[in-house]
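**Q** Just so you know, the sequences run in chain order A and B. Position 303, counted from 1, in the first sequence is what our numbering calls 330; the numbers after and before it change by one each time, with no gaps. Position 13, counted from 1, in the second sequence is what our numbering calls 101; the numbers after and before it change by one each time, with no gaps.
Think of the hints as simulated: they come from the structure by calculation, not from any bench. For every residue, glycine included, the Cβ atom is placed at its ideal position computed from N, Cα and C. Check the hints yourself; a few may be wrong.
[Said to hold, decoys possible] From the structure, some residues in chain B lie toward chain A, with a derived Cβ separation under 10 Å: (1) Ala99; (2) Ala102; (3) Arg148; (4) Glu167; (5) Pro168.
[Unchecked claim] Listed next, with one range per pair, are the computed distances between beta-carbon atoms: (6) A:Ala254 x B:Ile92: 43 to 51 Å; (7) A:Trp155 x B:Leu98: 36 to 44 Å; (8) A:Leu35 x B:Ala119: 40 to 48 Å; (9) B:Lys193 x A:Ile335: 34 to 42 Å; (10) B:Arg196 x A:Ile178: 19 to 27 Å; (11) A:Thr94 x B:Thr155: 53 to 61 Å.
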Amino acid sequence: MTYLWLALGFVVASAAAGVMFARVGSSRQSTRTNWAIAALTFLVLAILTAVFDTLMIGMELFHYDPTQLIGVRIGLAPIEDFSYPLACALLLPPLWLALTGRRRQKQNARRHSGLVSQALLVSRPVSWINTAYPFAAAMLLTTREIDWVLIVGTIYFLVPYNLAMYGINDVFDYASDLHNPRKGGMEGALLAPQLHRPLLWLVAVTNVPFLIVLAGAGGLAVWISLAFSTFMVVAYSAPVLRFKERPVLDSITSSTHFVNPAIVGFALAGVHITPGLMLLLAAFFLWGMAAHAFGAVQDIGPDRDAGIASIATVFGARRTVRLSMAAWTLAGLAMLATPWPGPLVSLVALPYLLNAAPWWNVTDSNAADTNRSWRRFIWLNYGSGFLVTLALILFWRQTS
Amino acid sequence: MGFIYLLSLLAGIACMLLLDRRFRLYFWRDARAATVVTLVGLAVLLLWDLAGIRLGIFFRGEGQIATGVLLAPELPIEEPVFLTFLVLCTMIIFTGLQRMHERHKARRSS
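Generate the whole structure from the sequences, applying the supplied hints.
**A** Here you go:
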């Protein structure tokens, strides 16, 4: 049955992408004609597949694990093989029409002007490394080899994952972002409303194939970690769930966005779980929570005006800053308890504590000024990344 | 070690390109778009193959007509060539059928 599921995954993803491209490519009436021609194309390809697949299997060019098939064959070709031409006919003609559709292209160029460049801005390129690095480090340090799963996973957590996280966020935050002067530059882009639907489609099309392939590369632990990671990304800002507006859950969810890639990496590598590993993940998680909570302090004013709840609007500026500092301290202490060279990483807590310390007595009225310290985060993160990398190299040499 | 399979695939691709050239269907109509479509198709189908190999569904055969040269475990050098052929075949059939439909429509309206 495995082949059937794999094929279904790719056919569904191709169909979704095809439908999206068809919307971009042509008018409603010609879309119907074009789908009919695509269907005819599939029919021709299916006949060719029946003939040539049979020949190729007969010549022993390839074979299948029979336990993975449902067992229905046309000639010698397993029925699942017909999913290849089906996916081709669903995906490629609409893509071609979208790229060549001249008449509507000009119109669309205006409507979808720069979907890709907007999407790039939306995905926060300065933060890409924050999710790809935990994944790649976790997996590489466990398997000690670069294989295709590592490469595919790193690409996934580098771009599509961030596009999903920030893209869904920006679409559903559009209204409140309008009043936020921080959006539109390095810290995120304001997204024109007519780009909202195409962007959500782009998120689906870029994420689903990667998720299917990564899920196929592992067992139950991988499926659970991927499902959890995807859920947390969607739940953060999607309507109804809106975890970002539920105090405390907002910081927890935001932190899992960075811890989950590491967990998926460990799961794909089939790691052996030790107390030291659990402490490491706990420290990483606390660090992420502290960062989110501190970041929420600067928005207390605008959030309260807009009636949006966050960890900072509930606890107030002063207590939130102090909570963040406590979490960073705890994270540092947890790292002290891990095996060498883990304790070295506890140093990472210090710059964050120093950066936040001036705000120990902050009030709700000057909370917005904490933006000064928050803006240093991007550089602090790169610095910590450097220190963590040194520790990881030490760990690598010590254990290999 | 045999080259019949690889050569047949290359011959198939050549035939598709000849049709393309003769009727200006695909690369000869919009080279940039055709390149994008071909690369996207190839990438998706290769990912699919690799996933199937990883899941233990596909195995390469020991056929006499294949070279036996492997790009990765269970992935012979002929496979990306075959997938390219599949993409080309799809697009030549599609653009060809589209052309026939247009001609038919034009003749009826004139």
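**Q** Hints broken by the structure, by number, lowest first?
**A** 1, 2, 5, 8, 9, 10, 11
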